[in-house]
Amino acid sequence: MKAIVTVTLKHGVLDPQGKAIGHALHTLGFTEVGEVRVGKTIELELPAQDPAQAKATAEDMARKLLANTVIESFKVEIA
Amino acid sequence: MKAAILLFPGINRERDMVLAVRQSFGHAPQIVWHKETALPAGTDLVILPGGFSFGDYLRCGAMAAHSPIMPAVKAHVERGGYVLGVCNGFQILTEAGLLPGALLRNASLRFLSMDTMLKVERADTVFTSKWQTGAIFRAPMAHGDGNYNADEATLDRLEGENLVAFRYADENRNGSARGIAGIFSPNLRVLGLMPHPENLVDPLMGGTDGKPLFDSLAAA
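So the sequence lines, in the order shown, correspond to chains A and V.
Just so we're aligned, residue 1 is where the first sequence starts under our numbering, counting upward by one.
Just so we're aligned, residue 80 is where the second sequence starts under our numbering, counting upward by one.
Calculated from the structure, these hints are not laboratory results.
Every residue, glycine too, gets a C-beta built ideally from N, C-alpha and C.
You can take every hint at face value.
Per the computed footprint, the stretches of chain V lying under chain A, defined by three or more beta-carbons under 8 Å from a beta-carbon of chain A, are:
1) 138-146
2) 170-182
3) 185-198
Here are the computed lysine to aspartate or glutamate pairs in the DMTMM-like style, where the Cα-Cα straight-line distance is at most 20 Å:
4) A:Lys2 - A:Glu77
5) A:Lys10 - V:Glu231
6) A:Lys40 - V:Asp224
With the rest of the complex left out, here is chain A:
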């Protein structure tokens, strides 16, 4: 079973990388682009058979290490 953890900066936390990418997209002619936010995905191979259990485990991992909840939020999907 695979858990996909997506970590992004919290809303309201300045994302300079996102800003830079937004500028570059505008330069390329994608002028319709609004705010750009950058994050990361972490794929975890888990032995659990129960999706709810796998999700709970991955969320625990995210809170303890994968995300810094002072500045980042995360979501977990089970694939």
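With the hints as your guide, set chain V onto chain A.
Same frame as chain A, now just chain V:
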């Protein structure tokens, strides 16, 4: 004051820190590898130097904050021990929850390698007693992630309880909230800051602006 310097893989300022400590304390600190699970007996001060522990993987300081030595550091803090974290050491302290807030990517996205001016916010601590409150001194900085951030309530608390140690006095180049360069724990025994006072402690380095930090600790 007996000091121990923690060494994580990827840390590169530990020798600078040894030199600064030895010069002010009159004896060399002990280097402690991160896989140890206990601090040397009688350690008064734990120092987390700068560098790029674990290659800054995931987030700066995130891996080091979970190293085997860290439970001993937390116990040391609970006993009222002194801790100094500089640059990556500051990032590790925030990741370990020993200081509030977080260090984000510099607002300019540029790595900053230059001198900055710092203002001493209070001189009644073991770290700053050899300065005067309001003193301004020069400190080199070398970081890509020095943009101090915390929620508004935390920033208000830090200022309200007078826990800001240093502020950028010339230009806030990394975008830190309220110009904060360093903070204390509520008991004033844990200090984290981004710039490197240990790199200006001898005339041969171009100045001794950072020496009062180590002289203060030596006198504590």
